[in-house]
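Start counting the sequence shown at 118; every next residue gets the next number (the numbering used here).
Hints in this document: simulated from the structure, not taken from any laboratory. If you're wondering where the values come from, they're calculated on a predicted model, not measured in any experiment. Accuracy of the hints is not assured; some may be wrong.
Claimed, not checked - Below, computed lysine-lysine pairings styled on DSSO-like, alpha-carbon distance capped at 27 Å: (1) Lys207 x Lys131; (2) Lys123 x Lys207; (3) Lys228 x Lys121.
Said to hold, decoys possible - What follows is a set of in silico ranges between Cβ atoms, one per label pair, in the way DEER data are often shown: (4) Ala236 x Pro261: 34 to 42 Å; (5) Pro261 x Val137: 51 to 59 Å; (6) Lys131 x Asn158: 31 to 39 Å; (7) Arg239 x Pro263: 33 to 41 Å; (8) Asn158 x Pro263: 44 to 52 Å; (9) Glu140 x Pro225: 41 to 49 Å; (10) Pro263 x Gln135: 36 to 44 Å; (11) Gly166 x Pro263: 18 to 26 Å; (12) Glu190 x Pro146: 34 to 42 Å; (13) Ser259 x Gln135: 28 to 36 Å; (14) Arg126 x Ala267: 37 to 45 Å; (15) Gly189 x Asp238: 48 to 56 Å; (16) Ser259 x Asp155: 48 to 56 Å.
Glycine residues also receive a C-beta, built at the ideal position from the N, C-alpha and C atoms.
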Amino acid sequence: MNFKLKIWRQCDAKSRGQLVNYEVRDISPNTSFLEMLDILNEDLLRAGGEPIAFDSDCREGICGTCSLTVNGEAHGPDHPGAVCELYMRKFRDGARITIEPFRVGAFPIVKDLVIDRCALDRIVQAGGFVSARAGSAPEANSIPVPKQDADLAMEAAACIGCGACAAACPNGSA
118 MNFKLKIWRQ CDAKSRGQLV NYEVRDISPN TSFLEMLDIL NEDLLRAGGE PIAFDSDCRE
178 GICGTCSLTV NGEAHGPDHP GAVCELYMRK FRDGARITIE PFRVGAFPIV KDLVIDRCAL
238 DRIVQAGGFV SARAGSAPEA NSIPVPKQDA DLAMEAAACI GCGACAAACP NGSA
């Protein structure tokens with residue numbers, strides 16, 4: 118598979134950034150999105166260029182450091198997981214893909230696709246989770262919950278600290 122990429126490049130937090138065009142060729146559909154960026158970086162280094170800075174750690178959808186905006190959506194279009202769980206088979210051959218850091222006022226760009234998520238870390242450390250008192254809870258086994266509803270609730274509660282909620286929120290860039 119071949120792809121035309123527009124990737125945000127920015128030297129540091131104070132510099133002005135811009136979208137730069139790249140192409141990658143012969144990418145397997147089973148290549149993860151981050152592996153595709155690794156391949157591009159290898160090509161850039163071979164050509165004497167500067168590799169694209171991006172964050173990743175676990176590459177298993179657990180840590181949230183790989184967060185990117187892909188084609189205008191946090192983690193990519195129609196993709197509920199982290200970017201490391203996104204595979205190139207999700208895109209058509211020859212697709213144009215725009216890759217940018219999250220655009221959140223509280224997450225300044227450090228370099229290229231790397232953002233500073235310290236604001237989110239401080240909120241989490243301070244116990245800044247949303248909770249609501251709903252009165253006394255009934256006995257857990259007295260209200261049967263369909264498995265599908267329970268699975269959706271568990272999925273919604275599984276925060277990995279990626280910041281996609283802030284990136285997707287219209288007020289997040291404020």
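Original post:
Falls inside 36 to 44 Å, the C-beta gap from proline 263 to glutamine 135?
Top reply: Violated: the Cβ-Cβ distance is about 49 Å, outside 36 to 44 Å.
Subject >> Outcome of range test on Cβ distance (glutamate 140, proline 225; 41 to 49 Å) >> reply: Check failed, 29 Å falls outside 41 to 49 Å.
Subject >> Distance restraint hint 37 to 45 Å, applied to the beta-carbon atoms of arginine 126 and alanine 267 >> reply: holds, 44 Å
Subject >> Pair hint outcome, lysine 123 versus lysine 207 [Cα-Cα no greater than 27 Å] >> reply: Given pair lysine 123, lysine 207 holds - Cα atoms ~17 Å apart, limit 27 Å.
Subject >> Outcome for the supplied range 28 to 36 Å, where the beta carbon pair is serine 259 and glutamine 135 >> reply: violated, 59 Å
**OP:** May I ask you to test the hint 33 to 41 Å on the CB atoms belonging to arginine 239 and proline 263?
**Re:** holds, 37 Å
Original post:
Can the suggested window of 44 to 52 Å be confirmed for the beta-carbon pair asparagine 158 and proline 263?
Top reply: holds, 46 Å
**OP:** With 51 to 59 Å as the target window, see if proline 261 and valine 137 comply at their CB atoms.
**Re:** holds, 54 Å
Original post:
When you check the alpha-carbon spacing of lysine 228 and lysine 121, does it fall within 27 Å?
Top reply: holds, 21 Å
Original post:
Is the hinted range of 18 to 26 Å satisfied by the C-beta distance from glycine 166 to proline 263?
Top reply: The hinted range 18 to 26 Å is violated for glycine 166 and proline 263, with Cβ atoms some 53 Å apart.
Original post:
Is it true that the C-beta distance of lysine 131 to asparagine 158 lies inside 31 to 39 Å, as the hint says?
Top reply: Violated: the Cβ-Cβ distance is about 24 Å, outside 31 to 39 Å.
Original post:
For the pair alanine 236 and proline 261, does the Cβ-Cβ distance stay inside 34 to 42 Å?
Top reply: At 40 Å between Cβs, range holds.
The structure is inconsistent with the numbered hints 1, 6, 9, 10, 11, 12, 13 and 15, although it conforms to all the rest.
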